[in-house]
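Dock chain to chain to rebuild the complex, using the hints, since each chain is given by itself in its own frame.
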Amino acid sequence: MSKVLMKGNEAIAEAAIKAGCRHYFGYPITPQTEIAAYMAKRMPKIGGTFLQAESEISAINMVYGVAGAGFRVMTSSSSPGVSLKQEGISYIAGADLPALIVNVQRGGPGLGGIQPSQSDYFQATKGGGHGDYRLIVYAPASVQEMADYTIKAFDTADKYRMPVMLLADGTMGQMMEPVELPETTVQEIEKPWAVRGTQNKRKHNIINSLYLNPEELERTNIERFEKYKVIEENECLYEEFMMDDAEYCVVAFGIASRISKNAVIEARKQGVKVGLIRPITLWPFPNKVLKQTADKVKGFLSVELSMGQMIEDVRLATECKKPVKLCSRTGGMIPSPEQVLESIINLTKEAK
Amino acid sequence: MTTQILIAGFGGQGVLFAGKCLAYEGLFEDKQVSWLPSYGPEMRGGTANCSVIISDEPIGSPIVAKPDVLIVMNLPSFDKYEKDVVKGGKIVIDSTLIAREAVRNDVNAYYIPATKLANELGIPTLANMIMVGKMIKETGIVTLENACEAMKKVVSARHQDLLEANVKALTAGYNY
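If you read the sequences in order, they're chains A and B.
In terms of the working numbering, the first sequence opens at residue 1 and continues consecutively.
In terms of the working numbering, the second sequence opens at residue 1 and continues consecutively.
Read the hints as simulated data drawn from the structure, not as lab findings.
A couple of the hints might just be wrong.
Quick partial rundown of chain A residues pointing at chain B, CB under 7 Å, derived from the structure [stated by the list, open to error]:
1. Q174
2. M175
3. P337
4. Q339
Beta carbons are placed, not taken as given, at the ideal position from N, Cα and C, and that holds for glycine.
So here's chain B without its partners, still in its complex pose (with noise of 0.2 Å):
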């Protein structure tokens, strides 16, 4: 099984480190990866993006076009990427900052107030895993244990106090 994955949203949000450690994750689970990043003159505000695929086979184009699973926390990134989902795919859409709902009815869209959710946490900065956790619950793409287990490979030595915070978000995300 292949799983093509797109994240999209601002700059700033996450979107980069969301995908990274999605590719973990599949690299926990001993599958196949690639993670391919939209690069140029973006930045915090700007508009950012990458391509994650996770496969039993190996990957050919790590090159995401047309989606099985969506994850935007945007709203021009929804504008853009929404009509390029595989049909039947899987949308994750951030209620907080993106008021409308999907137009297409022929894929599963997944609403979540991630913003909103990281504030009342206390991590502010991990709508994007919240993200994570809620698309890992809809897609069972990896077991939440590993999400978090992989989680310690991708804070790196000097943050892991941070690792705590990053598990609670994808916990909080997987159980919303």
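So here's chain A without its partners, still in its complex pose (with noise of 0.2 Å):
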């Protein structure tokens, strides 16, 4: 038995160790609390750096340093809390470093409540702070996979020199489910750019977001974008399920899939030829598959913890082809998959 029960925030903190992330900077919140005390426990056994920050603020200029410095860094925390740290990731972005920063979200706006929520998806996808840039955002749907992309984020992240977010909620932060952690994973990259020290060696490095001259400032952002085209070509991820024969498709992430599989199976037991098409990363967006699918299928459901966010890149993936419903609950509150199923019939009555 090489699987363990672990709570999918654990599994984070663990696969990111294995990871070779020596370098953990956070502040407590509900329901990503594991997260920092699992790392608390590990990290000074092993040579790491545990820290608790005195705000959220400070743990993400904390890791803006540590990434300045070439290792793998990564903080966590929950919707509030990533909020806070949105100035840092942008300076992050701005500065072309390597980072992790896990968002298991929960309720909001505001303080919110700590109950299960997916409304962070704009704050993930759109640049949740200021000006031109994007995070690769991974959307686990089990512990399994909160363990896998963990490590996959360190590696794009220092593949393409830029921030990742791993995009979870509190049913996967604090659900348990067996896990089975690879032995070694570490495969660091050499960083010429990084604050190191020059050894009197060289000529020193700079790690800087700020530019004055707008030409430059602009040729920075044009620089990015073209390497964001690439990331878009190269590291989309989705899965599909029952869609050979689909007649419909529902599109959810994260635990809205697994809710969305459930009302799935069941609407094929009534003869209804529906399929899900779950985003594994959330930026890139499946765009390609969703646009072939919308001249296959005669409508779509947008299964969300949110009041609709994701619904807007569906519509614009399948260029408003065909209808897209949305099913969703929001504030902490979970859809059955009896209501999904619900929405599934009432689609098939709404777009023949």
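Next comes the structure, spelled out in structure tokens:
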């Protein structure tokens, strides 16, 4: 039995350590505190750094510093805490530094509640901080994926020199499932840009996000967007479930996709040809497959734990060729498989 | 086959731990398992519950809204969740703490004075595991042997002295 039961939050923390992360900065907040607790226990034993900062703003700027020195580094929080981190995330993006930010979402806006939510979709995918920038956003849907995409996030962050977000929610963070962690996965790459001291052998490196010359600032933005194009081409991930002969398509990520799977299976039993497309990366969003699917199906259903945020990207991706309906609960409430099933049945009546 | 289990009681009764043991027992038999706690401002004396799913198939939603099996260790939980149990489902009730019987007659109710038994056996904190033992007996979801074996994984290395007590509780519930 190589599998162990772990909470999603613990799986993130252990996977980060396996990926070579030795620096964690954070501030406790429900429902992700287990990440910080796990790091506090483990980091001192393996020569790493766990530091509970005085605030989320402080923690993200510590991440900025360690990322500049070229070491694998992460922070984690839940919705209100991630809002506080946005300035720092924008700086890290502007300075082209790799780092992992984990958001185990809870209901909002404001202090909101502590129950699960997916209402930070806009913030995560549309650049929650200021300026032209993107984050690669992974949306795991199991405890195993919490671990797998944490490791992958460190790799893609290094590969493209940019901040990456793991977007989970309270249920994914709190639930336990069997998980298998790989033994060694560290594939750290050379970081000639890092500020680790020159030993008087080379010109010093500069980590900076300030460009007072607008021509130069425009150029850095254009170059960065060239990189984003490559990422959109190469890094988009999604799962198709029962889509082969589907006439209707449910789109859902994370916990909502798991609830939707129950509903899809039940709808199939009732003779409704429905399938599910689950974006695993929320940016880059699986535009291509959704556009192709729009030519095959009669309608889409976006299932979310928000008032409807991803639905806008589904409409953009499908160029509004087919109706896109919403099935959602928000504020910490979770749609039941029955509610999703009912929405699927309604969709079949409205989109013939 | 998929069995959806809801365990509910007061905080401090070991409701979440009982669920974790069940999940490990499922894992021990190579089944798919998930465990989801209620989380929030709960503490000793408040209410606590957890959803456990043990299945031969990959598990979709980890949230148990309509349990096949309900284990209740206090009256508020029994009042709240009795109506949610599926028709033909099973309810295991700690009759030391819950004075009433099931209202529904389309479910199977099993009464066991777990808290009293735990006190008599000198393991007053393990009424939860007596409940699990009874539940295993009535559902056959895992064998008693595997359940006891799985306990070795759940009880941390530091507390191996408690392993024997947990096995004793499981067995007492099973044989009641």
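Verification of the hints:
no., hint, result
1, Q174, "holds, 5 Å"
2, M175, "holds, 4 Å"
3, P337, "holds, 6 Å"
4, Q339, "violated, 10 Å"
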